[in-house]
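Given chain W, put chains R and X in place with the hints provided.
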Amino acid sequence: MLDIRDLTKQFGKGDSAVTALHQVSLSIAEGEFFTLLGPSGCGKTTLLRLIAGFEPPSGGALVLDGKDIALMPPNQRPVNTVFQSYALFPHMTVAQNVGFALEAQGRPKAEVARVVEKMLALVQMTHLRDRKSAALSGGQQQRVALARALAPQPRILLLDEPLSALDMKLRKEMQVELKRLQQETGLTFIFVTHDQEEALTMSDRIAVMNGGRLQQIASPRELYDLPENRFVASFIGESNFLMAQKLAGMIEIEGSKTALPSGFAAAYDGPVIVMIRPEHVVLGQGPSDAIRLTAQVERLVYFGTDTHIHMRLRDGTPLVARVQNALRGGAIAKVGDSVPVAFPQDALRLLPDTEA
Amino acid sequence: MAERAFNIRRLPGVATLAIGCFVILYIPMVILVGNSFNAGKVIGHWEGVSLHWYVAALHNEAFLAAAQTSLLLATLAALIATITATMAALATTRAADFRGQGAIHLIVNQPLMVPEIVLAIALLIILAQVKQATGYTGLGYLIAAHTTFCIPFAYMPIRARLEGMDLSLETAAADLYASRFYTFRRVTLPLLAPGILAGFMLAFVVSLDDVVMSDFLKSPGQETLPTYLMGELRRNLTSEIYAISSLLLLISVLIVAGSWAATRKKA
Amino acid sequence: MGEAPNTERDAQNADARQRWRLALPAVTIIMVFSILPLIVVVLYSVLTPGDYGNVRWVFSTEGWFSVLFERDIFDDTLSLSDAHLTILARSVGLSLLTTALTLIFGVPTAWFIATRPPAARAFWLFLVTIPFWTNLLVRTIAVQEMIRSEGVFNRLFLWLGLIDQPIQMMFTNFAVLLGMAYVFLPLMVLPVFAAVEKFDFRLAEAGYDLYASRLFCLRKVILPLVRPGIIAGSILVFVPSLGAYVTPRIMGGGKSMMLGNLIEMQFGQGRNWPLGAALSITLTLLVLIALIYYTRLTSGRQGRSHG
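Sequence lines, in order, name chains W, R and X. Anchor point for the first sequence: position 140 equals 156 in the working numbering, and the numbering is continuous, going up by one each time. Anchor point for the second sequence: position 38 equals 40 in the working numbering, and the numbering is continuous, going up by one each time. Anchor point for the third sequence: position 196 equals 242 in the working numbering, and the numbering is continuous, going up by one each time.
By construction, these hints were calculated from the structure, which means they are not laboratory data. By construction, the Cβ of each residue, glycine as well, lies at the ideal position given by its N, Cα and C atoms. Do not take every clue at face value.
[Claimed, not checked] Some chain X residues near chain W, calculated using beta-carbon distances under 8 angstroms:
| # | residue |
| --- | --- |
| 1 | Ala252 |
| 2 | Tyr254 |
| 3 | Leu256 |
| 4 | Pro270 |
[What the hints assert, rightly or not] Non-contacting residues of chain R with respect to chain X, defined by C-beta distances greater than 12 angstroms in every case (computed):
| # | residue |
| --- | --- |
| 5 | Gly50 |
| 6 | Val51 |
| 7 | His61 |
| 8 | Thr71 |
| 9 | Gly137 |
| 10 | Leu171 |
| 11 | Ala176 |
| 12 | Tyr184 |
| 13 | Arg187 |
[Stated by the list, open to error] Beta-carbon label-pair distances, calculated as ranges:
| # | chain 1 | residue 1 | chain 2 | residue 2 | range |
| --- | --- | --- | --- | --- | --- |
| 14 | R | Thr77 | X | Thr344 | 34 to 40 angstroms |
| 15 | W | Lys125 | X | Leu142 | 31 to 37 angstroms |
| 16 | X | Ala57 | W | Lys125 | 56 to 62 angstroms |
| 17 | X | Ile335 | W | Lys195 | 55 to 61 angstroms |
| 18 | X | Asp246 | R | Glu49 | 54 to 60 angstroms |
| 19 | X | Asp246 | W | Lys195 | 26 to 32 angstroms |
| 20 | R | Thr77 | X | Ile85 | 26 to 32 angstroms |
| 21 | X | Ile85 | R | Arg187 | 35 to 41 angstroms |
| 22 | W | Glu213 | R | Leu114 | 54 to 60 angstroms |
| 23 | R | Ala105 | X | Tyr98 | 36 to 42 angstroms |
| 24 | R | Val255 | W | Lys185 | 55 to 61 angstroms |
This is chain W alone, in the form it adopts within the complex (with noise of 0.2 angstroms):
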């Protein structure tokens, strides 16, 4: 339903220009909930606020229904703004700013009245109607904003990192508060994040930005296991970086070597990045198939569930293993230990980024 074609933004002219989308492309389909991620500064926002109207694009095209809306102004636009300051009006009462779009619209006062109630039930404020709207906590900001949003019936739904101002337990709880209102509507959802969690638990699919450029689009359980670059590898999860030799379909890793993983198919030989998720590095000697190095134990860290070994290879890349504490288990390894580690081949992913 929205389809954004190279679509580019630049401030200022000139030499002090600065690009902060680089031609990008992406589809989104109706009823998605569709996720922006990436570092503060990486154009995530930047797009927001080209799909809401509030910035012309320098180039591309933003495809609405067939249509071409790049230069069309905000208030025409069949898409709303969750603000991440909310951007309550403080003059108003919360009812006042939910019907407000309608208002706007010029819609009849019944009708208005109407559609209040029913998205005030909606984000359960119905008993704060007549309250202005700086009396209001930040949970209860976020409902009315995200009424005032909904009011109005929007195509697209923007929500501009609409929980970042929330601490961490009402954070939770809006963020199955706001899948559930997706489902319930059937809304296509945008939604900005440089919260990883967030988006993971969130999201339908999740585009992964830095520096203006998209870097993946991907479902969760996709990006997580698949990233495409050392980036997106790098910023959602934890991962261990390892420079290895990829050599006639086997990859090297200090002397080790294994098959080259399936779908890896690299043009050319020589050395390469392989990542591994910490939670894959085996202490021992694991699978037949697996690279197995040996390692020194540097720091051993406790987490409840796990725990995470630093360690150093030979040539000293660092390491990082994660391992599930059992129940009355000893110690798994001891600081100064060299320890037998494996990689099992199926976990090992070669990155195209020629940089440690």
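Just chains R and X now, kept in the frame of chain W:
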């Protein structure tokens, strides 16, 4: 592609009206300054560019005396107003409500709530009789009157500064064994200095600007710059008036530019 | 009654006493040179005019009567004083018009300045501050030059052949209005600017996002939130306009007097001090009403519900 598609900060017609507003503000002043360079005596009959009227003004004893009076008056009035206003500001801020706090605040601001002409008349009634009784016709009356209406102007920025000040700094100083006076001198006063300076400048300019008070309360033969200008205006419109006006304009430009530069350096 | 509360109260009292001592110089100056004289004005308003100015110490309400009424010299009948009523009406009317005019030009200007990028904003603000700090008399002289008989406009119109004879613009209500609007314009721009600068433009963004047209957004979001600045600017223009003396004197002369000039006359040629005192109190009361209305507007009712 049109980069200016939709700008929420832009409202239609605003820029036009704003530019119009600046043109309206500046054209009369530019013409005034232009006229001051007219070589001819009669305004409107252009006889070439000349600094003649500036030279004439600077040789005009009456003008020089008036300028001297104005500067002395403004300096003294602003000085007294700033000192007393600083004390009053210190008294009314940073305290739990104490009895009479509101009253002090109200009294200090009272001259702002009464039209200047009314205050001038009120003072005239009393001071005329004092003049008659004592025979003193010096600058004292004007200093007293100017100080009075300068106090609220000096008080405003000083109080604002005090209210925005971090109390914990003084607590920290007290914690470090500083005496109350030492704390005031080394912590409070330096932090307050920009407010005091702003207060003094405001009071100084307000005093320098004043026409009504001075016009009503001056003794015979006494003139400040604005009353001198007013008197000249009553007599005749000459290019010299425009030269003097331009000089006053220059002073305000210098003051604004000066305070601008000062705040810039701080920031 | 324990010891502790007493000691605490003693400390509080000592603190209050010390604060009063600190404020004493300023309070004394204003008491002696402003409040006391104003009390004398009130007193003078109920005395009898003296022969050569001043007053005779005989109680009389004549001064107050004369504010609005005239006593016929022959038959002692009372009638409304047309002259005074005209001046009163002119004072209020021209002050309102001045406020309106400065609103029309000042609010867009303030908006314009507040929405410039920071560097440019400083420059535009500088341009408003200069007239703000420039002597009122000088600025009045500058407008006068524009509209007097041999002034800029008349010469321009003559040269263009639009008129054969200079138009008499000076000494009219128009001249006073023009002069006051010109000199008080910066007083409108600065507080409105401060309000617009504080305005959170994300709220306007939210408004447009929610289908508001420019007008709807202006009416429902922007104006209610910059209203305090607009009210402050209006009061800052209206109050000095009402009490204006210098500008109406130069621009209006004897033909288009305002209250301030009428008051001055009573202490000059007119020589009716009680009337002058009564007029002064009237003017002060008008100003106080405006100020009280202002505080009512800004406190409590802020952003009242609509729709």
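Tested hints:
1. Below 8 angstroms, beta-carbon pairs count as interface contacts, and alanine 252 (chain X) has one with chain W at about 4 angstroms; its hint therefore holds.
2. The restraint placing tyrosine 254 (chain X) at the interface with chain W holds, with a minimum CB-CB distance near 4 angstroms, inside the 8 angstroms limit.
3. With 8 angstroms as the threshold, the beta carbon of leucine 256 (chain X) comes within range of chain W, its nearest partner Cβ sitting at about 4 angstroms, so the hint holds.
4. The beta carbon of proline 270 (chain X) is positioned within 8 angstroms of a beta carbon in chain W (closest approach about 5 angstroms), and the interface hint is therefore held.
5. Chain X leaves glycine 50 (chain R) outside its interface by the beta-carbon criterion, the shortest separation being 18 angstroms against a cut-off of 12 angstroms.
6. Consistency note on valine 51 (chain R): stated as away from chain X, and its beta-carbon is indeed over 12 angstroms from all of that chain's, at 18 angstroms minimum.
7. The Cβ of histidine 61 (chain R) lies farther than 12 angstroms from every Cβ of chain X, with a closest approach of about 21 angstroms, so its non-interface assignment holds.
8. Annotated as non-interface, threonine 71 (chain R) keeps its C-beta farther than 12 angstroms from every C-beta of chain X; the closest such distance is 15 angstroms.
9. Listed as a non-interface residue, glycine 137 (chain R) keeps its Cβ farther than 12 angstroms from every Cβ of chain X; the least gap is roughly 18 angstroms.
10. At the 12 angstroms boundary, the C-beta of leucine 171 (chain R) stays outside the reach of chain X, the nearest C-beta of that chain being 20 angstroms off.
11. With a least CB separation of 15 angstroms from chain X, alanine 176 (chain R) remains clear of the 12 angstroms interface cut-off, as annotated.
12. The claim that tyrosine 184 (chain R) lies off the interface holds: its Cβ sits roughly 17 angstroms from the closest Cβ of chain X, which is beyond the 12 angstroms cut-off.
13. The non-interface label for arginine 187 (chain R) is consistent with chain X: the shortest C-beta to C-beta separation is roughly 15 angstroms, beyond 12 angstroms.
14. Separated by about 36 angstroms at the C-beta atoms, threonine 77 (chain R) and threonine 344 (chain X) satisfy the suggested range of 34 to 40 angstroms.
15. Lysine 125 (chain W) and leucine 142 (chain X) have their C-beta atoms about 35 angstroms apart, which keeps the hinted 31 to 37 angstroms range intact.
16. As the Cβ distance of alanine 57 (chain X) to lysine 125 (chain W) is approximately 60 angstroms, the hint placing it in 56 to 62 angstroms holds.
17. In this structure, isoleucine 335 (chain X) and lysine 195 (chain W) meet the distance hint of 55 to 61 angstroms, their C-beta atoms being roughly 59 angstroms apart.
18. At roughly 57 angstroms, the beta-carbon separation of aspartate 246 (chain X) and glutamate 49 (chain R) lies within the given 54 to 60 angstroms, and the hint holds.
19. Here the CB-CB span from aspartate 246 (chain X) to lysine 195 (chain W) is close to 30 angstroms, well matched to the stated 26 to 32 angstroms.
20. In this structure, threonine 77 (chain R) and isoleucine 85 (chain X) meet the distance hint of 26 to 32 angstroms, their C-beta atoms being roughly 30 angstroms apart.
21. Checked against the hint of 35 to 41 angstroms, the pair isoleucine 85 (chain X) and arginine 187 (chain R) passes, with Cβ atoms roughly 39 angstroms apart.
22. Glutamate 213 (chain W) and leucine 114 (chain R) have their C-beta atoms about 58 angstroms apart, which keeps the hinted 54 to 60 angstroms range intact.
23. Taken as a hint, the range 36 to 42 angstroms holds for the pair alanine 105 (chain R) and tyrosine 98 (chain X), whose Cβ atoms sit roughly 40 angstroms apart.
24. The beta-carbon spacing between valine 255 (chain R) and lysine 185 (chain W), approximately 59 angstroms, falls within the hinted interval of 55 to 61 angstroms.
Hint compliance for this structure: every hint is met.
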